[in-house]
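Asks: Sequence:
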Amino acid sequence: MNYKIASLKKLQEEGKNIHRLPFSIRILLENVLRNHDGFAITDEHLDTLINWKAEGTDKDIPFKPARVLMQDFTGVPAVVDITSIRAEVVRKGGDGSKINPAIPVDLVIDHSVQVDFFGTDYAYQKNVELEYERNAERYQLLKWAQQGLTNLTVVPPGMGICHQVNLEYLAKGVVERDGWAFPDTLVGTDSHTPMVNGIGVLGWGVGGIEAEAAMLGQPIYFTCPQVVGLKLSGEIPQGCTATDMVLTITKLLRDTGVVGKFVEVFGDGLNKLTVTDRATISNMSPEFGCTVTYFPIDDQTLDYMDRTNRTKEQIELVRDYCQENMLWRTGKEEIEYSRIVELDLNTLEPTVSGPKRPQDKILVKNLDKAFTSILSKDFSRDYIPFDNRREHVWLNEGGSGTQYTQKDHDKFNSTLEIEPKNGLRSVKIKLKNGEYRLSDGSIVIAAITSCTNTSNPTVMVGAGLVAKKAVERGLRTRSWVKTSLAPGSKVVTRYLDRSGLSTDLEALRFHTVGYGCTSCIGNSGPLPPHIAEAVDASEMVVASVLSGNRNFEARVHSQVKMNFLMSPMLVVAYALVGRVDVNLLEDPISHDPNGEPVYLKDIWPSQEEINQTIREAMRKEDFKEVYDVIFDGEEEWKKLPAPQGKEYTWDNVSTYIREVPFFQDISVDPLALQDIHNARVLLFLGDSVTTDHISPAGSFNEHSAAGQYLLSKGVEKKDFNSYGSRRGNHEVMMRGTFANVRIKNKITDREGGYSTYFPSNETLTVFDTAMKYKETDTPLVVLAGKDYGSGSSRDWAAKGPSLLGIKAVIAESFERIHRSNLVGMGVLPLEFPEGESAESLGLSGKEEFTITGISENLTPFKKIKVSALKENGERVEFEAKARLDSEIDVEYFKHGGILQYVLRSHLKKGH
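Here the sequence shown stands for residues 166 to 1076, numbered as in the working numbering.
Source of the hints: derived by calculation from the structure; they are not laboratory data.
Errors might be hidden in some of the hints.
DMTMM-like mimics (lysine to aspartate or glutamate), calculated; alpha carbons at most 20 Å apart, straight line [to be verified]:
(1) K521 to D420
(2) K1046 to E498
(3) K1074 to D260
(4) K175 to E489
(5) K1028 to E1052
(6) K789 to E478
(7) K1046 to E996
(8) K803 to E294
(9) K229 to E209
(10) K655 to D286
(11) K951 to E881
(12) K224 to D208
(13) K1011 to E1042
(14) K396 to D420
(15) K951 to E718
(16) K785 to D464
(17) K655 to E786
(18) K1030 to D1050
(19) K655 to E790
(20) K169 to E179
(21) K1027 to E1004
(22) K169 to E341
(23) K909 to D933
(24) K224 to D212
(25) K1028 to D1050
(26) K175 to D212
(27) K174 to E341
(28) K1028 to E996
(29) K437 to E498
(30) K972 to E940
Note that the structure is a prediction, hence the values are computed from the model and not measured.
Please take these sequences and the hints and turn them into a complete structure.
Replies: Shown next, in the form of structure tokens:
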């Protein structure tokens, strides 16, 4: 090779036992070896990795990724932050144009398209039009950034999902830069960034705050991880899919406990898994709880690179470098892992997960029983078997088809019929052209969505073949099901079109609605009005089925209380039956026009049918033609007006894009740290509070704090859009922080985003409560249980609390990314003593908290004294562990955040 390399082989020859190290640790070691500077990256870091301990260590290591991946929801605030830093540098007399990403950044706009229209050939175009109408201001900023910031590329809307684009195009395997060859690595502002681990690229999700620091040249520090070996044997059996495999692994690894750890896959089972199968597994690393799920580079990797149109020279570079530098998998390695977990793929069975956690695995054959149990346990309703219900035969046929005479303006008429008290909820809906009955367990959303599955031709072609066979048997999707197909790249559309399967999917109303995340991130769009009204009026427990990776409460749709993850093939099948209280492996899906029962096995394709279709329909040139124009965008993007030049001009009347207040009038040196005195509890929360609960997400109404703000700015309710679309406006986002409709704050009886202002015992929105405390300069704290901040990486889950005046979060434990983000925004994460909790300590949330030990000698993991003064004068005192996990964490916290630290570094350099 004609490149310099940081040689692991040389270390091995010098007597270092590199052979025993997991591949993922070897990549981290190469990174430290190449970037060693004796200051930020030291000999101690090198020694920690060379002498990696399988049992774990509390030592930190640095990581400087080769690049950064962003999606638009997190990318917009990142661009706003960098542009705001530029603005402050200019105000202080510096050259703002020097503030640019220090490493390549790829920003893919994929999080904004919503399923407003579906089931028609015009759905895609109308959804695109609405997307641009809603997001024009955000897109203008990103289009400006495409030319205003160097080292940043923007993939316009409608081109694909960031992780699938990363897998199919952006990932190089090995990077050549400045005369060096080194592993392609990255961090991403989406928690599912590890999907690219499937192609042998080490990368994981970080908060937008950490990603911005990496963009600006800072190392990312984290505790040297344990590595759990996942040993796969056997192969996926007939009748099962890669989705069944990944949902099984989710349950397995959650039960094992891999939070904060790396997982590395090995074993003979790898030989039978394609890169897209591997990527399906890696994609769900956040659901496993681990940081990465790494698949080392091997012949399968190179085969995929060839089929996706990587150049011959790039493939040769990957092979030569990895074989030369001990990063090539042969299957004969003798690697030391922290623990080994085994799975025989031959034991897989058809699987779904739900109704509100990805790890809650349910076998398809048991879903009817599981539904009955959940309905009773969670909703106190007694299930009525389908055959025992009135009109069940009529319902099984999907409606009566009876014509009704109604006034032209009457779109629907619903009649509420509730079974006996605590019984099944059921609503008869009458339309102009027919009627049907919805009940608990009815499926109202069926979405083929998410890069988890749409990147895998096996399950996508499989879904098309299920549709084809169903159409041939005369079956149709139930009329109450909102269907959608959202491919992760346009390559998918090409092979579905070429095979003729698009026609079959569309016959079942699975029309393409957009190229983006859609239902997987909650962009399901509204339910049809008559269904929405029926669900609300009866408090029906309806369901969604989707090929996504997350099904947290209220995530897919606020009106849908049960959400089941499954393969695209099963999504089609369940859309045909229209309900989840069914055993698909034994019960008929439906009856054909001649009254003959049709079972799942009748429409399920063989693996050979799937493989043959893929061989005939997928072509290498599709990847070339799609990705040659990936940065050009469609006509809507090309016509979009955007500012030009190197300095962005802020629009003071914009309700989408505002300069953030974090950097304005910043001092060149950080202010001295202060202890926290007489703080009040803003929220007292339980276990497993996710970033979906904390961060503004989804839609909001005119009664919310954010809605009131927009109304005051002259924005009509119909133009509110979503929180995600307004992440570039801190005024909206801080009002939406902790505003999730399902959040349960123990210091108020009112569910949702409410709190108690204790001086007057008023119940107010969280935002209004925080602002009243701000009037008296009262600091705020949050009390929480285990796994605080789990879920997607959301920078506003840390930025929002910071702007609300929250100084510390005291929890039993933290999710890795969110803990880092809190530090990155100057909010102190504190952990209760092991085995203790707010409840065990007798805290009610009404106390005044004084937290000391911050102002002097603050060190990683320091024990901080907490004193809680109760209303009766009694004090509860305990020591909490400061989750500042490294010296650099302490530095960031002293500066008030990671970006403030970076900005001050630039100011001192005279920029």
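Asks: All the hints need checking, so say for each whether the structure fits it.
Replies: Each hint, compared with the structure:
no., hint, verdict
1, K521 to D420, "17 Å, holds"
2, K1046 to E498, "40 Å, violated"
3, K1074 to D260, "11 Å, holds"
4, K175 to E489, "10 Å, holds"
5, K1028 to E1052, "15 Å, holds"
6, K789 to E478, "16 Å, holds"
7, K1046 to E996, "5 Å, holds"
8, K803 to E294, "14 Å, holds"
9, K229 to E209, "16 Å, holds"
10, K655 to D286, "16 Å, holds"
11, K951 to E881, "40 Å, violated"
12, K224 to D208, "13 Å, holds"
13, K1011 to E1042, "15 Å, holds"
14, K396 to D420, "16 Å, holds"
15, K951 to E718, "17 Å, holds"
16, K785 to D464, "18 Å, holds"
17, K655 to E786, "12 Å, holds"
18, K1030 to D1050, "18 Å, holds"
19, K655 to E790, "10 Å, holds"
20, K169 to E179, "19 Å, holds"
21, K1027 to E1004, "23 Å, violated"
22, K169 to E341, "9 Å, holds"
23, K909 to D933, "17 Å, holds"
24, K224 to D212, "11 Å, holds"
25, K1028 to D1050, "12 Å, holds"
26, K175 to D212, "15 Å, holds"
27, K174 to E341, "19 Å, holds"
28, K1028 to E996, "9 Å, holds"
29, K437 to E498, "18 Å, holds"
30, K972 to E940, "16 Å, holds"
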